[in-house]
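Engineer: Please put together the full structure from these sequences, using the hints given.
Number of protein chains: 4
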Amino acid sequence: MPGLVRICLVGAGRVAKVHAHSLVRHVPQGELVAIVDTSPETLQDTADTFSIDSRFVSLEQALESAQFDAVVITTPTFTHKDLAVTAAHSGKHILLEKPMALNLEGCDDIIAAAKDSGVLLQLAFMRRFDPEFQAAAERIEAGEIGKPMMIKSLTHGPGLPPAWARDLETSNGNLAEVNSHDWDCIRWLMFDNYQRIYVEAANFKGQARGVDTENFYDTALASIRFENGGLGSISSVCPCDYGYDARAEIIGEKGIMQIGQMGGQAVVVCTDRDQGLITPIYRTWPKRFEWAYIREMEHFVECIASEREPKVGGEDGRWAVAGVLAATASFLEERPVLMKEVMS
Amino acid sequence: MPGLVRICLVGAGRVAKVHAHSLVRHVPQGELVAIVDTSPETLQDTADTFSIDSRFVSLEQALESAQFDAVVITTPTFTHKDLAVTAAHSGKHILLEKPMALNLEGCDDIIAAAKDSGVLLQLAFMRRFDPEFQAAAERIEAGEIGKPMMIKSLTHGPGLPPAWARDLETSNGNLAEVNSHDWDCIRWLMFDNYQRIYVEAANFKGQARGVDTENFYDTALASIRFENGGLGSISSVCPCDYGYDARAEIIGEKGIMQIGQMGGQAVVVCTDRDQGLITPIYRTWPKRFEWAYIREMEHFVECIASEREPKVGGEDGRWAVAGVLAATASFLEERPVLMKEVMS
Amino acid sequence: MPGLVRICLVGAGRVAKVHAHSLVRHVPQGELVAIVDTSPETLQDTADTFSIDSRFVSLEQALESAQFDAVVITTPTFTHKDLAVTAAHSGKHILLEKPMALNLEGCDDIIAAAKDSGVLLQLAFMRRFDPEFQAAAERIEAGEIGKPMMIKSLTHGPGLPPAWARDLETSNGNLAEVNSHDWDCIRWLMFDNYQRIYVEAANFKGQARGVDTENFYDTALASIRFENGGLGSISSVCPCDYGYDARAEIIGEKGIMQIGQMGGQAVVVCTDRDQGLITPIYRTWPKRFEWAYIREMEHFVECIASEREPKVGGEDGRWAVAGVLAATASFLEERPVLMKEVMS
Amino acid sequence: MPGLVRICLVGAGRVAKVHAHSLVRHVPQGELVAIVDTSPETLQDTADTFSIDSRFVSLEQALESAQFDAVVITTPTFTHKDLAVTAAHSGKHILLEKPMALNLEGCDDIIAAAKDSGVLLQLAFMRRFDPEFQAAAERIEAGEIGKPMMIKSLTHGPGLPPAWARDLETSNGNLAEVNSHDWDCIRWLMFDNYQRIYVEAANFKGQARGVDTENFYDTALASIRFENGGLGSISSVCPCDYGYDARAEIIGEKGIMQIGQMGGQAVVVCTDRDQGLITPIYRTWPKRFEWAYIREMEHFVECIASEREPKVGGEDGRWAVAGVLAATASFLEERPVLMKEVMS
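Residue numbers (the numbering used here), protein chains in the order written: chain A, 306 to 649; chain B, 306 to 649; chain C, 306 to 649; chain D, 306 to 649.
Careful: at least some of the hints might be erroneous.
Note that the list lumps identical chains together, so a pair holds whenever it fits in one copy or between two copies.
[Unchecked claim] Quick list of in silico lysine-lysine cross-link-like pairs, DSS-like style, CA-CA up to 27 Å: (1) LYS559 / LYS592; (2) LYS592 / LYS616; (3) LYS645 / LYS559; (4) LYS452 / LYS559; (5) LYS452 / LYS645; (6) LYS616 / LYS645.
The set of hints was computed from the structure by calculation and includes no laboratory data. Please read these numbers as outputs of a predicted model, since none were measured by experiment.
Structural biologist: So this is what it looks like as structure tokens:
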């Protein structure tokens with residue numbers, strides 16, 4: 306057996322714990338060897354949970370003191386570029402959380418650094434590894450529903466995002482933080498790139514929850530035209546409160562396909578005929594995408610071990626960022642925006 | 306256009322109202338012309354609802370004073386035989402509610418009277434006219450799931466039946482009053498007759514609801530062997546409180562078929578992620594079998610108008626009664642009972 | 306009992322047969338007394354089906370020779386205005402199929418004629434009478450999901466519409482002919498009017514089916530902003546080939562509601578584990594909205610009998626037409642269009 | 306960290322591979338160290354798949370030559386007793402596949418050996434660890450549906466079992482080999498033991514598949530009375546061909562609960578309106594119970610590491626065997642059989 310792939314987590318928050326769990330419990334070829342976080346509390350909490358002794362407050366420190374092959378970057382979006390470039394220049398393979406960066410320059414820098422350093426760069430679009438989304442993609446590619454004409458993708462998240470993630474300056478807002486997965490999915494499942502984007506956005510819940518960030522929105526609907534004439538939409542609601550909801554519907558020339566459902570567990574109960582049947586809903590994204598996170602980490606570790614290119618990389622991350630930039634320009638300027646305006 | 310088929314309701318209670326509604330609103334070839342009930346209040350209530358002036362306290366009175374072609378008998382089971390025989394002898398076609406009679410002698414008398422008088426006799430097994438059950442029967446007959454090997458049928462009703470309907474002396478209890486439809490369905494969908502029956506029964510809720518009838522049961526499970534070796538079960542729960550539940554599942558040599566579902570209306574709501582999705586359940590049998598009741602009445606009226614034999618008749622009613630008799634003997638004697646023991 | 310409401314069908318095509326069936330079989334208070342169609346074959350076919358002797362090739366002829374209280378207008382859109390105005394001026398109540406008219410002037414003329422003549426004008430938005438949509442509307446109004454933030458409505462129809470119905474000159478195309486119901490539904494269920502509309506449209510199947518009409522589209526996605534800030538979308542695919550699909554999803558401040566489903570009959574079969582479970586889909590709109598059509602006609606007849614205003618009328622029809630006009634301008638001019646631009 | 310729990314697989318067939326996969330990929334606290342099988346081909350295949358060098362043709366050999374803490378026994382039923390007793394006497398903890406043994410004496414010997422040797426004995430009823438079944442059990446225990454009155458459990462398996470597993474002499478047939486899980490489930494979910502059992506069985510497919518084993522059945526329905534008066538049924542069909550189907554339905558005094566569903570993946574497709582919607586079905590038990598197998602192995606390893614008693618053990622295995630013995634007597638003797646007749 307070749308040696309284990311040694312991994313350092315950069316960022317120790319909520320999604321970092323999900324990745325750590327995958328690594329430690331379900332990906333025996335990988336080894337979690339170090340954790341970085343600027344917050345001592347977060348660092349201690351996650352490192353204690355997974356019994357990791359190598360703890361650092363900066364990536365630089367970790368690079369100096371610990372031996373590892375790869376990083377998993379889960380810090381806030383505005384830090385991605387510097388961390389990913391640093392990791393790449395130190396020869397570390399990178400699993401980078403979405404959104405890739407705040408802007409296309411950031412994406413380009415990361416892609417260039419990875420390429421120059423010869424390290425692998427995988428974007429954390431875990432839906433690519435979800436058994437349902439993956440089966441759907443294969444069936445579309447096999448022609449089951451014919452050429453895709455229209456795709457509707459939605460992600461609605463239950464709770465209010467942290468302050469940095471709802472500010473256009475530090476994150477590009479919900480369409481980036483919550484819906485990066487949809488931007489990636491629609492390109493993936495339509496086998497095509499976006500050409501034009503129009504967005505309507507609204508703020509229903511902000512005031513009641515004390516959010517006064519400029520241009521904050523909790524509800525948005527993006528309308529997309531693809532290069533080959535296909536249509537698409539992305540629905541964004543966060544906080545939606547009612548659960549974690551991630552679904553897609555594709556209409557092809559031969560038929561329709563629905564991916565995902567709200568119901569999360571086949572335990573149906575009725576105790577009141579005036580109320581009706583009750584089925585559990587997916588409450589959280591780690592539960593909805595439990596297998597996707599495991600398979601994603603397996604893929605990253607296997608790609609490193611076998612020196613293969615990950616199947617979702619920098620260009621995919623860059624397209625999702627570009628989509629968000631066009632989308633943001635659209636609702637701010639109240640007009641459709643062409644991708645070539647932002648990707649020039 | 307030929308004249309309308311004139312109908313007299315015998316019995317004016319709950320199911321009578323359902324039949325009256327079908328007749329008055331949805332079966333233009335039929336005409337509700339008279340109503341009979343021994344209870345003045347019930348009579349007035351139903352007759353007022355449908356604006357019928359011809360009201361009688363006995364079938365004999367109605368036969369003497371009103372002109373009609375047919376009767377719909379919805380009175381308690383123990384009255385069926387005398388009323389049906391009287392109607393037949395007066396030349397009236399008969400739509401007879403289930404169960405057909407208390408015993409096989411009653412069934413035989415009704416069948417003979419109808420035959421001797423040349424009147425049509427239709428049993429009110431409305432599931433035969435339900436679009437779902439009917440489509441299922443046709444698809445089974447067409448061989449879609451192969452030769453049926455096993456059928457499971459269930460009817461669970463929400464509320465405690467009236468006193469006469471839970472007493473073995475006056476009704477044969479729930480397996481007759483609630484589950485007559487299942488007894489008919491399993492013969493219909495298996496294309497075979499029962500040969501042997503075994504029943505377990507239990508009384509969970511009786512005491513708390515003040516029922517002290519001997520041999521009362523609210524929960525029963527019948528196990529059936531068919532003549533050609535197929536197996537079946539009937540599940541009976543009444544009062545089940547949670548809704549009106551009528552479903553069947555058939556396993557054939559080539560596959561499985563499920564008929565019916567608990568969910569009654571495709572309006573799904575989630576407002577609490579700790580609770581989950583809520584779908585309305587069928588609350589009542591008139592709602593679950595809304596079209597079945599209309600189609601059943603259409604069939605009765607059309608058969609009379611065109612002098613055709615109804616597709617569900619006396620023999621079907623007799624088999625259901627025989628099944629109940631064997632079932633009752635089984636749980637009282639704690640042994641499997643052969644149909645030939647009760648049908649001799 | 307007051308006299309029956311006598312009705313003349315103007316237009317004898319497919320939807321006319323649906324209305325005739327409702328009238329003749331399920332609405333005893335109404336009476337189908339005459340039928341008008343300019344095509345002798347269509348006229349004969351429908352009149353024979355329902356055994357109607359009073360047959361006319363024009364509304365004028367019918368008005369001259371037959372006695373009736375109301376008309377049901379189901380002719381092509383471009384004829385609506387003249388027929389409705391003529392009917393109104395002759396004192397006939399009107400049930401008018403969607404779309405109301407080709408333009409707002411047409412709508413205004415109809416509304417004025419009905420008002421001036423004191424006749425009732427009901428628009429044939431049958432989803433308002435569908436048990437599911439209706440229950441949903443009541444539950445939203447009762448506050449169950451909180452203030453609606455976003456609605457997505459879709460209608461996908463199986464077959465290629467007739468030539469006049471896919472030409473913007475004679476019909477305004479699919480967004481009018483197929484999706485008028487969605488335009489009405491989203492106003493109804495959001496309890497708000499549209500303010501701004503943006504549409505992307507595409508033509509995937511036209512060429513292969515020999516359609517060379519200018520500006521033909523078979524796939525469209527409308528993005529809607531409501532006056533109070535809510536968002537909406539309408540999805541249009543016709544011909545979609547896979548079935549008749551009509552659903553809506555509403556996200557409110559407190560939760561989500563889904564109305565309708567693709568599955569059309571609860572008979573589920575599996576005979577091949579490599580294929581999976583098969584559930585019937587709704588194949589046609591008359592089947593999907595069977596009760597809705599009956600309830601719609603009941604409402605029309607009851608409103609006439611009781612001299613009440615129908616609950617969906619000229620203003621609703623006019624808003625749907627206005628939405629379509631803004632939508633068409635949007636995709637032709639590739640920009641969002643404000644309602645005030647078209648409703649001046 | 307304490308040392309890993311070292312495990313030897315005894316039996317290297319299909320279910321052994323599932324357990325090996327769990328161990329090697331998803332249970333880092335456990336270590337697969339040796340494999341035993343009497344068939345050289347099976348041994349080589351499985352050992353190669355998991356890169357295990359320690360390979361033995363008998364448990365005795367393995368005990369002599371390899372170091373391990375526990376065994377996972379997955380050999381045919383008739384070998385269970387000797388292997389389990391040998392393992393226990395050698396101080397090895399035991400995860401024992403169902404059915405526990407051919408008869409109660411076998412069960413008693415195993416229980417006694419484990420107790421005498423102080424080793425842990427876990428029965429491989431993996432449904433106890435399935436997230437859906439487990440959540441259901443907790444919700445029933447919490448009183449959500451009230452006191453359980455009736456449970457229906459079914460397991461239908463796709464393919465013809467091997468010869469030894471359909472012979473009453475070597476396995477007790479399908480009710481043991483396929484339905485052991487149901488026997489365990491109904492006790493677990495009813496919080497009660499069986500008192501009386503009645504079974505109907507049939508052989509529909511045997512002849513066509515060349516099975517001439519005496520008393521072979523492919524379809525059976527067990528009717529169960531519990532000690533406290535609850536009712537139950539177990540449905541057995543194997544080979545059912547249409548998929549792997551495992552579901553349960555419990556009616557309690559307050560309501561109904563359904564556990565499991567046929568649909569296996571939320572990817573719904575429709576490409577033909579005459580056929581309808583297609584949803585994947587669970588094809589195999591390893592897929593249906595993917596998490597259950599992982600959680601079961603985790604539990605076994607954790608119990609060993611922490612010296613805790615497994616939550617499903619010898620007594621549970623013994624009850625399931627007793628149920629099967631009463632069931633077999635019932636259909637052979639065509640009468641209900643009391644548990645006390647077989648458990649004396």
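Engineer: Going through the earlier hints one by one, which of them does the structure break, listed in rising order?
Structural biologist: 3
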